[in-house]
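Visitor: Letter by letter, the chains look like this.
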Amino acid sequence: MDIVRSFIELIPVTLAQSLIYAFVALAVMIPFRLLNFPDLSCEGTFPLGGCVCGALLAMGYQPLTAMAAGVASGFIAGSAVAMIALRFRISSLLAGIIVITMLYSVNLRVMGRSNIALFTYPTIFDLMHPGLNESLPGKIALLGAVVALVLGLLFAFMRTEKGIALRAVGANLDMAQAQGISVWWTTVAGVGLAASFSAFAGTVLVQSQGFSDVNIGFGVVINGLASLIIGELLVGRQTVARQLLAPVVGAIAYYQVISVCLALGLVPSDLKFASGLLVLAMLAAPMLFGKERVMAREKVS
Amino acid sequence: MLAVNGLRKQFFPGTPNARLALDGVSLSLEPGCFCVVIGSNGAGKSTLLNAVAGQFLVGPGEIVLDGEDIGREPLHKRARHIARVFQDPMTGTAPGMSVEENLLLAALRAGKRRLRFGLSAARRAHWRERLALLGLGLENRLCDRIETLSGGQRQAVALVMAVLSAPKLLLLDEHMAALDPVTAALVLQATARVVEEARLTTLMVTHNMRHALDLGDRLVMMDQGRVRLSLTRAEKAGLSVEDLVQRFREKDDRVLLAS
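Protein chains in written order, with our numbering: chain H, 34 to 334; chain R, 2 to 260.
SDA-like mimics (lysine to any residue), calculated; alpha carbons at most 25 angstroms apart, straight line:
id : chain 1 : residue 1 : chain 2 : residue 2
1  : R       : LYS113    : H       : ALA189
2  : R       : LYS169    : R       : HIS127
3  : R       : LYS113    : H       : ALA222
4  : H       : LYS195    : R       : LEU143
5  : H       : LYS195    : R       : ALA122
6  : R       : LYS169    : R       : LEU189
7  : H       : LYS195    : R       : ARG115
8  : R       : LYS78     : H       : SER112
9  : H       : LYS195    : R       : GLU148
What the simulated footprint calls covered on chain H by chain R, stretch by stretch (three residues with Cβ under 8 angstroms from a Cβ of chain R suffice, anywhere in the stretch; the number is not a length):
id : region
10 : 191–201
11 : 209–219
Rather than coming from a laboratory, the hints here were simulated on the basis of the structure. The C-beta atom is built at its ideal place from N, Cα and C for all residues, glycine as well.
Please model the complete structure; the sequences and the hints are all you need to start from.
Guide: Laid out in C-alpha cells, this is it:
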C-alpha cells in the first residue's frame, strides 16, 4: 500500500512537472511531424532558455523580461539549426547536435557559472500571485491554462494561410515549392517557433524549481520523444487537433509512468535507461509486430 | 509569353558521366500558345520543363517570361507566374491535407499568405464551381483528405489548382502518363478545356503522339537537347501518327549518318 500511497502523493508534483515538459514534447513534435524536419535541439534550447532567464533574473530584471529574452534566444538557436541544415545540406539531426554542443558553452558564458540560485528573486509565479510558487494546485491551474491557451493558438494558426503553408512544407516539399512557398523561410521560422517553446519550458522550470543549472537539459529530448510517442498512441495523429494534443497528453501520461516507476523503487539514475528502452520499444513496435503480422497474414491467405 | 534562348545544361559536369541534356535549346511561345513537346527518352524534354520551372539553375542561356529574365530566380519565386502539373499525381498535391486546403495553397500561389483563415465561403463556392466543370463529382469532396482520392482524381484537382490563379505559363509534365486510359481521357478533356478557356500559354511534354497531334497550336520535337522540328497547327493538321513516327525515324537516320 505504501507504493500506491507514495504514487498518489506524487501525482500533483508530477502533473505540474509534466505541464512544463509538455512544451518540450511540443517542441519535438512541430519539426518532426509538421515540418518533416527531425530536430532534437531542445536538448540545447531548453537549458538555453533556463540559463538566459536565470541570469537575467539574477541581474535584477523583471521575470517577464527575463522570460522573453529566454524565449527569443531559443528562437534564434532553433532558426540557426534550420539554417545550418538547409544552407550546408547537413542532416537536421547533426545540425542539432552541433548547436546543442555549442549552446553548452554559451549557457556557461551567459550564467558565468554552472548554476544560480533564484530563491531570493521574484519569479513569474510571484508576479501572478504572491505565494503561487508554493501552492501546487495554483501552479497546476496556471500552467494548465497556459498549455490550453498555447494549444488553442497553435490550432488556430494551423488553419490560417501561413499555417497551411507550413504544413504543406512538411507534407510535400515539391508541391509546397511549386505553390510558391519558400521552404527556407518556412522551415527556419517553424523550427525557431518550436525551439522557443522548448526555451519557454526552460524559463518556467528554473523559476519553478528556484535555481538555474546548465545541466537541466540532459535527457529532455528522449523524454520529449517518449511523451510524443505515448501521446500519439493515446490520441492518434489523424487530424491537426489530435497531432497538437498528442505531445501534451503524452507528457502528462509519460511523467505519471515515470512516477510509478519511482514509486516501485526504481533508482532515479536508472530512469534514463528505462526511458530509452520505452522509446526504442515504441519505435520498434510497428517493425516487430505491424509489418511482420501483415506479412504473416498474407502468407496464410 | 515565354522565350527560351540558347539554354545549356550539363548533368554531372567534370565526371565520366557528364551528359549534355540541353544543348543550346531555343524556343519562343506567343501569348496564349499551347505548345506540345515530344521526343525520345533523353531528348531533353523534361529537362527543358524543369529548367523553365526552376528545378535547377542552367548554364548559359536565358529564360524570359513576359519580358522579365527569370533564369536566376529560385523555384518558389517563379511559381508566382508558373503553374505546373507533375507526372506523378502524388507530387502535385499535399497528403494529410484536405482538398480545399490544397486548393487554398494554389489560390495563394501568386500572392501573399497571411495570418488569417483562408477557407472562406466565397472561395469554397468558387472552387466547387471549378471542380464541378470536371464532371467527376469532386465538388462534394472539398473537406476530404486528398489521399482518399484516386490518382486520376488527384491529377484532376492538380489541374484545377494549376489554373486557379491564372498563371502566365502552365507546364504540363507528362501529366497523363501515370493514369489509366479512361481517366487519362477525362484529364485530357479537362486539360483542353481549361487551357482553351483561359488562353493560357502552355508547355506540355508528352510521349503520346496522338495527344501531340490532337492538342495544341504547336508541336515541337526535341532531340539531343535541341529543337529538331517545329510544326504549326496548320502544318500538323494533315499528319497522322504514322507520319510523325516516320519523322522520328528520319531524324534518327540522319543522326546515324552524321556519326
